[in-house]
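Peer 1: Spelled out, the chains give:
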Amino acid sequence: MATGIPPTHWVNPNPPAPAQKPPATTVGWIGWLRAHLFSTPANSVLTLATLWVLYWIGGGLARWLAGAFWEPIWANRKLFATGIYPSEQLWQPAVVLLLVCALFGLSAGRWGSIMRTVGIGLAALLLLLALIPLGGMAQAVMAVGLVLLLAGYWLGARGGVASRWLVAGWILSGPLTFVLLGGIDLPLLGASPAVDSNLWGGLMLTMLLAVVGIALSFPVGVLLALGRRSKLPVIRYFSIGYIELIRGVPLITLLFMGMTMLPLFLPSGWGNPSQLVRAMTAITFFSAAYLAENVRGGLQAIPKGQYEAADALGLSGLDSLRFIILPQALVKVIPAIVGQFIGLFKDTSLVSLVGLLELVAVAKAVIQQPEWLGVAGGVAREVYVFVGLVFFLFSYGMSFASRRLENKLGFGKR
Amino acid sequence: MAGHAENTDIIVATQVNKWYGDFHALKNVSLAVKRREVVVIIGPSGSGKSTFIRTINRLEEHQSGEIVVDGIPLTHDVRNIEAIRMETGMVFQQFNLFPHLTVLQNITLAPMHVRKIKKAEAEARAMQLLERVGIPEQAPKFPGQLSGGQQQRVAIARALAMQPKIMLFDEPTSALDPEMIREVLEVMEELAESGMTMVVVTHEMGFARGVADRIVFMDSGEIVEIGTPEHFFTDPQHDRTKLFLKQILK
Chain A
250 MATGIPPTHW VNPNPPAPAQ KPPATTVGWI GWLRAHLFST PANSVLTLAT LWVLYWIGGG
310 LARWLAGAFW EPIWANRKLF ATGIYPSEQL WQPAVVLLLV CALFGLSAGR WGSIMRTVGI
370 GLAALLLLLA LIPLGGMAQA VMAVGLVLLL AGYWLGARGG VASRWLVAGW ILSGPLTFVL
430 LGGIDLPLLG ASPAVDSNLW GGLMLTMLLA VVGIALSFPV GVLLALGRRS KLPVIRYFSI
490 GYIELIRGVP LITLLFMGMT MLPLFLPSGW GNPSQLVRAM TAITFFSAAY LAENVRGGLQ
550 AIPKGQYEAA DALGLSGLDS LRFIILPQAL VKVIPAIVGQ FIGLFKDTSL VSLVGLLELV
610 AVAKAVIQQP EWLGVAGGVA REVYVFVGLV FFLFSYGMSF ASRRLENKLG FGKR
Chain B
232 MAGHAENTDI IVATQVNKWY GDFHALKNVS LAVKRREVVV IIGPSGSGKS TFIRTINRLE
292 EHQSGEIVVD GIPLTHDVRN IEAIRMETGM VFQQFNLFPH LTVLQNITLA PMHVRKIKKA
352 EAEARAMQLL ERVGIPEQAP KFPGQLSGGQ QQRVAIARAL AMQPKIMLFD EPTSALDPEM
412 IREVLEVMEE LAESGMTMVV VTHEMGFARG VADRIVFMDS GEIVEIGTPE HFFTDPQHDR
472 TKLFLKQILK
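From first to last, the protein sequence lines stand for chains A and B.
The working numbering applies: residue 250 is where the first sequence begins, and numbers increase by one.
The working numbering applies: residue 232 is where the second sequence begins, and numbers increase by one.
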């Protein structure tokens with residue numbers, strides 16, 4: 250028995266063997282370096298080449314950063330935040346922000362999980378903005394927002410608000426935002442002058458376009474995905490036609506069509522929708538088509554047995570979709586859906602081409618301000634880096650939250 | 232033997248035919264099942280036995296013939312189909328539990344949304360059923376954390392939660408590891424003992440011999456022979472039955 254392999258018939262005489270730890274794999278950082286970066290001559294060359302490239306890029310970046318000129322961004326912080334929204338009426342967007350903070354706080358407390366993740370991100374952002382000397386009023390608003398967020402969390406965690414009131418609050422917050430931003434007539438305080446939606450701008454407009462686009466394209470996309478699998482030919486072919494048509498056209502084309510052709514499709518008497526509404530319509534329809542295909546992928550991944558089990562229990566088609574099929578299908582495609590939403594968020598920058606002053610349009614305007622004409626090399630680099638960082642911050646936030654959500658919804662099969 | 236069968240029919244299938252494309256899957260299948268009777272359907276794979284019990288609750292549509300379940304004719308009328316599905320529970324070979332819901336939620340979902348029973352009551356009854364199938368401690372877990380035998384017992388509890396008059400079993404032990412077959416068969420035996428009307432497609436000859444009131448043998452889409460277990464196993468009449476028994480009882 251030199252090999253330790255038992256002969257043909259053998260009875261293990263030992264008690265059950267206890268589980269042992271796997272053999273250690275770490276051999277200190279020098280050992281790790283040798284094993285992973287310098288294992289062969291070719292590997293070593295590759296490692297050194299990579300280091301040189303990193304040094305080259307990092308050095309260039311560091312030299313630029315040392316001489317970078319951030320004044321245009323600091324001086325135009327109001328423009329980046331809200332565009333050319335009238336300064337004396339900035340309390341209106343501020344109220345919207347506070348409302349959203351309170352809702353996020355309550356939701357994070359009540360529902361936890363993903364809402365808490367997003368709420369923590371929002372709290373960090375508010376704290377940062379409250380500490381940066383943006384100006385007394387702006388800092389005060391951010392601080393109050395942070396307080397509302399925390400108070401909401403405390404109240405929500407104690408069960409101080411029912412889920413259905415929260416859902417109602419979120420749904421109501423949409424129209425309320427438009428009323429607040431557009432100018433209101435309060436019984437006691439009197440009317441605030443109307444603010445044309447063409448004056449809404451900056452990060453505020455970017456966020457508005459993205460949130461409205463996401464909130465509306467999601468249900469439309471799910472309906473289209475279901476429609477594409479419908480047994481009724483009219484619904485099926487309408488859905489296929491819609492999805493294929495929209496996916497075959499660039500978003501910018503849809504935006505221009507929205508600007509010029511939307512009134513043709515509306516019943517007479519609906520008047521002339523604002524440019525903002527036209528842009529939102531185009532973005533929503535565009536995103537819904539892509540979303541529908543993502544959701545369809547999820548629906549196809551649900552085994553037939555799930556439908557059969559739901560049928561056999563006597564669940565109606567609608568209940569079966571609501572409780573069995575969609576929850577599973579949507580979870581399977583969270584990465585694709587969030588990817589789509591990140592794309593939508595960044596695509597909002599295209600509305601700058603149809604005359605709306607969102608973040609990228611503000612950037613272009615700032616670069617051309619006469620104050621910076623004397624700056625050697627211009628200020629485009631600093632401004633675009635800043636705008637890029639803002640987009641990255643929110644996109645990465647969405648990506649991070651989606652990964653948390655996926656882990657949370659792993660259904661205990663880790 | 233269960234031996235509870237009453238003298239009234241609860242399932243009546245007459246001259247049922249079904250085709251998949253050109254393939255004739257069910258050929259003039261006629262069968263009446265009595266209240267509280269346990270009928271076991273056996274036969275080689277592809278003989279149409281699964282297809283037949285799946286026509287009873289319209290998971291498969293038959294193209295000709297008539298099926299009446301507890302006085303309700305199985306037609307294209309969605310109300311009839313839903314009424315029949317409320318009276319028949321089904322247990323599948325692959326369990327088909329809902330993986331995104333806990334064991335308890337799997338069981339309470341249909342009673343709450345189809346029978347409109349209050350959550351607290353549905354949960355209390357679900358716990359009773361989990362006791363009955365022997366795994367109350369698994370209530371808060373997800374199906375993916377359970378063994379195959381436990382999953383199938385949850386599936387039986389889920390079907391029973393709708394308080395069906397008939398239970399259909401479509402090869403309930405075929406996907407199980409050998410050591411788990413026993414625990415599922417025991418639950419089924421207890422169910423038969425309690426007087427449930429059961430139609431069972433299975434390859435478990437021990438169960439067929441011990442529990443069935445009648446055994447139905449199907450081959451190539453038709454019923455070849457029907458008999459009590461005693462007659463069926465000791466004195467089969469048809470040549471195809473004899474051949475099948477010879478192959479499996481070797």
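Worth flagging that the hints you see were computed from the coordinates, not collected in a lab.
Be careful, since some hints might not be right.
[Said to hold, decoys possible] Dumping the calculated PhoX-like pairs for lysine-lysine here, alpha-carbon to alpha-carbon at most 25 Å:
1) K396/B <-> K347/B
2) K372/B <-> K553/A
3) K581/A <-> K553/A
4) K657/A <-> K327/A
5) K396/B <-> K581/A
6) K350/B <-> K372/B
7) K372/B <-> K657/A
8) K327/A <-> K613/A
9) K396/B <-> K265/B
[To be verified] Far from chain B, some chain A residues (derived; all Cβ distances over 12 Å):
10) V345
11) L348
12) I433
13) P552
14) S565
15) L642
Glycine included, C-beta positions come from ideal geometry on N, C-alpha and C.
Peer 1: Would you mind marking each hint as holding or not holding in the structure?
Peer 2: Results for each hint:
1. K396/B <-> K347/B: With Cα atoms ~18 Å apart, K396/B and K347/B stay inside 25 Å; holds.
2. K372/B <-> K553/A: holds (23 Å)
3. K581/A <-> K553/A: holds (16 Å)
4. K657/A <-> K327/A: violated (38 Å)
5. K396/B <-> K581/A: Violated, because 36 Å separates the two Cα atoms, which is more than 25 Å.
6. K350/B <-> K372/B: holds (18 Å)
7. K372/B <-> K657/A: holds (15 Å)
8. K327/A <-> K613/A: Given pair K327/A, K613/A holds - Cα atoms ~15 Å apart, limit 25 Å.
9. K396/B <-> K265/B: Cα-Cα ~11 Å, so holds.
10. V345: Answer for V345/A: holds, closest chain B Cβ roughly 35 Å.
11. L348: holds (33 Å)
12. I433: holds (42 Å)
13. P552: Not fine: 8 Å to the nearest Cβ puts P552/A too close to chain B.
14. S565: violated (7 Å)
15. L642: holds (32 Å)
Of the hints listed earlier, those the structure fails to meet are numbers 4, 5, 13, 14, in rising order.
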